[in-house]
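Chains as they are written, first to last, in the numbering used here: chain Y, 1 to 130; chain C, 1 to 130; chain A, 1 to 130; chain P, 1 to 130; chain L, 1 to 130; chain Z, 1 to 130.
Accuracy of the hints is not assured; some may be wrong.
For chains that are exact copies, the list does not tell them apart, and a pair is met inside one copy or across any two.
As the list claims (entries may be wrong) - In silico BS3-like pairs for lysine-lysine, Cα to Cα no more than 27 angstroms straight-line: (1) LYS28 / LYS130; (2) LYS94 / LYS130; (3) LYS130 / LYS54; (4) LYS28 / LYS94.
None of these hints come from the bench; they were simulated from the model. The model shown is predicted, which means the values in this text are computed figures rather than measured ones.
Protein chains: 6
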Amino acid sequence: MALVAPIEDQSASPAVRAIYDDIRTTRKTDYVNNFWKVLANDPAALERTWATVKQVMAPGSLDPLIKEMIYVAVSITNNCEYCIHSHVAGARAKGMTPQMFDELIAVIALASANNRIANGYRIEVDERFK
Amino acid sequence: MALVAPIEDQSASPAVRAIYDDIRTTRKTDYVNNFWKVLANDPAALERTWATVKQVMAPGSLDPLIKEMIYVAVSITNNCEYCIHSHVAGARAKGMTPQMFDELIAVIALASANNRIANGYRIEVDERFK
Amino acid sequence: MALVAPIEDQSASPAVRAIYDDIRTTRKTDYVNNFWKVLANDPAALERTWATVKQVMAPGSLDPLIKEMIYVAVSITNNCEYCIHSHVAGARAKGMTPQMFDELIAVIALASANNRIANGYRIEVDERFK
Amino acid sequence: MALVAPIEDQSASPAVRAIYDDIRTTRKTDYVNNFWKVLANDPAALERTWATVKQVMAPGSLDPLIKEMIYVAVSITNNCEYCIHSHVAGARAKGMTPQMFDELIAVIALASANNRIANGYRIEVDERFK
Amino acid sequence: MALVAPIEDQSASPAVRAIYDDIRTTRKTDYVNNFWKVLANDPAALERTWATVKQVMAPGSLDPLIKEMIYVAVSITNNCEYCIHSHVAGARAKGMTPQMFDELIAVIALASANNRIANGYRIEVDERFK
Amino acid sequence: MALVAPIEDQSASPAVRAIYDDIRTTRKTDYVNNFWKVLANDPAALERTWATVKQVMAPGSLDPLIKEMIYVAVSITNNCEYCIHSHVAGARAKGMTPQMFDELIAVIALASANNRIANGYRIEVDERFK
Numbered sequence: 001m002a003l004v005a006p007i008e009d010q011s012a013s014p015a016v017r018a019i020y021d022d023i024r025t026t027r028k029t030d031y032v033n034n035f036w037k038v039l040a041n042d043p044a045a046l047e048r049t050w051a052t053v054k055q056v057m058a059p060g061s062l063d064p065l066i067k068e069m070i071y072v073a074v075s076i077t078n079n080c081e082y083c084i085h086s087h088v089a090g091a092r093a094k095g096m097t098p099q100m101f102d103e104l105i106a107v108i109a110l111a112s113a114n115n116r117i118a119n120g121y122r123i124e125v126d127e128r129f130k
Numbered sequence: 001m002a003l004v005a006p007i008e009d010q011s012a013s014p015a016v017r018a019i020y021d022d023i024r025t026t027r028k029t030d031y032v033n034n035f036w037k038v039l040a041n042d043p044a045a046l047e048r049t050w051a052t053v054k055q056v057m058a059p060g061s062l063d064p065l066i067k068e069m070i071y072v073a074v075s076i077t078n079n080c081e082y083c084i085h086s087h088v089a090g091a092r093a094k095g096m097t098p099q100m101f102d103e104l105i106a107v108i109a110l111a112s113a114n115n116r117i118a119n120g121y122r123i124e125v126d127e128r129f130k
Numbered sequence: 001m002a003l004v005a006p007i008e009d010q011s012a013s014p015a016v017r018a019i020y021d022d023i024r025t026t027r028k029t030d031y032v033n034n035f036w037k038v039l040a041n042d043p044a045a046l047e048r049t050w051a052t053v054k055q056v057m058a059p060g061s062l063d064p065l066i067k068e069m070i071y072v073a074v075s076i077t078n079n080c081e082y083c084i085h086s087h088v089a090g091a092r093a094k095g096m097t098p099q100m101f102d103e104l105i106a107v108i109a110l111a112s113a114n115n116r117i118a119n120g121y122r123i124e125v126d127e128r129f130k
Numbered sequence: 001m002a003l004v005a006p007i008e009d010q011s012a013s014p015a016v017r018a019i020y021d022d023i024r025t026t027r028k029t030d031y032v033n034n035f036w037k038v039l040a041n042d043p044a045a046l047e048r049t050w051a052t053v054k055q056v057m058a059p060g061s062l063d064p065l066i067k068e069m070i071y072v073a074v075s076i077t078n079n080c081e082y083c084i085h086s087h088v089a090g091a092r093a094k095g096m097t098p099q100m101f102d103e104l105i106a107v108i109a110l111a112s113a114n115n116r117i118a119n120g121y122r123i124e125v126d127e128r129f130k
Numbered sequence: 001m002a003l004v005a006p007i008e009d010q011s012a013s014p015a016v017r018a019i020y021d022d023i024r025t026t027r028k029t030d031y032v033n034n035f036w037k038v039l040a041n042d043p044a045a046l047e048r049t050w051a052t053v054k055q056v057m058a059p060g061s062l063d064p065l066i067k068e069m070i071y072v073a074v075s076i077t078n079n080c081e082y083c084i085h086s087h088v089a090g091a092r093a094k095g096m097t098p099q100m101f102d103e104l105i106a107v108i109a110l111a112s113a114n115n116r117i118a119n120g121y122r123i124e125v126d127e128r129f130k
Numbered sequence: 001m002a003l004v005a006p007i008e009d010q011s012a013s014p015a016v017r018a019i020y021d022d023i024r025t026t027r028k029t030d031y032v033n034n035f036w037k038v039l040a041n042d043p044a045a046l047e048r049t050w051a052t053v054k055q056v057m058a059p060g061s062l063d064p065l066i067k068e069m070i071y072v073a074v075s076i077t078n079n080c081e082y083c084i085h086s087h088v089a090g091a092r093a094k095g096m097t098p099q100m101f102d103e104l105i106a107v108i109a110l111a112s113a114n115n116r117i118a119n120g121y122r123i124e125v126d127e128r129f130k
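Bound-form chain Y, shown alone:
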């Protein structure tokens, strides 16, 4: 059980309900996932987080699938079980193939190893990279 109870549609305030509706419309689904229902306990947080997600994850110089995969990479590195599950699902829905997922994991693993090597030996940044 989450540390606060999720808020379902029927007990949501009009403001919260309007955001749930926008989530459904934007994502073309009738499903609102637990993240939003729990966050709804803090309506201001719900509003600004959803607004940020809409803005940041929208198509831009990077397409939404790439953004989902970057989101997954951060979530794995921070070890957020919820976010890994929900954003792997999101990436798959946007077209991530099994091969792409394997390559994503492989890059994350490689970077994690090399991050520790560079930090461990305290390797100096090359002048040309600064």
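Chain Y is fixed; fit chains C, A, P, L and Z onto it per the hints.
Using the frame of chain Y, we list chains C, A, P, L and Z on its own:
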């Protein structure tokens, strides 16, 4: 100063020198960066790390620029100064525009915030994501 | 199951039992939670960890509720499930309201996002902050 | 040097300049720190980040000094040098005494140790905490 | 359930099957654990990861038990539940006693606390350590 | 500059001075490093941290060199620059050879990569490891 001295070409063993040459050829540059010169103190580590980098960062289902940006996302999350500098340089060389870099940072920041929200409230993974 | 078995009162040595009693007295409860029962496998660790908790979490320039919330913030950032549950319970027992918990999470999420922005762009520390 | 150049007032767009002015007014200072000047390269990120900071760090159920200290706790745990410097400065400006800072560090250190103990032994969450 | 299905012997390609056999032979067991069966979805990753494990975890200047304990220390700090369970099992199989495990946890906890103290106060590295 | 000034012998209280002397005697050196001089601003923290270091890092089931290397592994994973420098120096003083340091880094890198693989694919812990 790194905790062990970088090994320059003139003092490298033939095996290490061969890897430096392969780095130069593969990357079409005459520059070998400090990461490899420090890692060369452990020739087996140099060899397997370079082989892994060549394999993992090569074109595949994900293109090399996307892989570089995922690498940067992990390096920022793990906070590896060396790796951020070297792989931002790598991503820019492969075509990352200022807009793409800004969007990359924005996704990383968003995911980091939401990772903490999900972990903090101990939000349960929706059945449909499992 | 934990990787080592918790030690219950009846099988505890007198020294461990004395610490359990001090935990009960200090916290005005008859309950000793799993953290201490598992740590009791290493009596020296149990003793010094309990002594440190008593000293550090006591009223000082910061009051115990504030300290519990800082403890929760660190536990969320390090992603310790046990510690989040036990210290959210502790903070609530000391008076943390739902609003305070929401604000705590909101600050943690904001700081996590901005930590990545600052590290990602490698923003230089302003002279006046040093 | 940051990976992108800070934007000074004279070269800022009117929208960016308006946010700089709001930062100055809100904080009762004529100084805009590097975080904002670098983030200004992405005006949408600047706008939403500043709006979030204003909303989240404002007085609420927790007072601004407590929020600053929680922010510092997260920044130390994530190891963001920039954020530690800037928010320790902010906390001191809001009244954090040397004793409060020492107690803050002591709680962070204690929580970090106990997070690893609980995760290391895989201690099960007590039923009563769930 | 893992995000991709484990591959059992009967459905493994000859190349994957050969690695499973090498794992069994090298470890003198008929058991191949889930890590490898899931990773087998990416045969190239399976091959290079197993080759690295064989090379890095073999006896060298450090004996295999010490290496297992260092592996556990990293896994606890990164909070990888799977890796903690599997490598604590591995360390016990190689001779880690309960006392050694307790001391391992104690060092990890101490280092984690002091890491935050040093980062929190931004303590300068002594000239003689550089 | 650290965020609080180090306390030198001549301005130390008798209690702090006694701990500095114990550090010198225990370590058979006339040098007290910056960690302790900064921590001395909080005499209670100085006393309990030094007592814990003496107890935890002393010879036991694990010898002091192994403990130093585990300490380094945690410090690299947490990315504490100060602690990496000071404890690599400590490990070298206790006999860590260049080969041992390379093997230490190699195990840390391998574990970091595999931690992300296991967390990323959400690999289930094998029954026999529980």
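Hints, one by one, checked against the model:
no., hint, result
1, LYS28 / LYS130, "between (44 angstroms within a copy, 20 angstroms between copies)"
2, LYS94 / LYS130, "between (36 angstroms within a copy, 17 angstroms between copies)"
3, LYS130 / LYS54, "between (33 angstroms within a copy, 24 angstroms between copies)"
4, LYS28 / LYS94, "within (13 angstroms within a copy, 35 angstroms between copies)"
When held up to the earlier numbered hints, the structure conflicts with none and fits them all.
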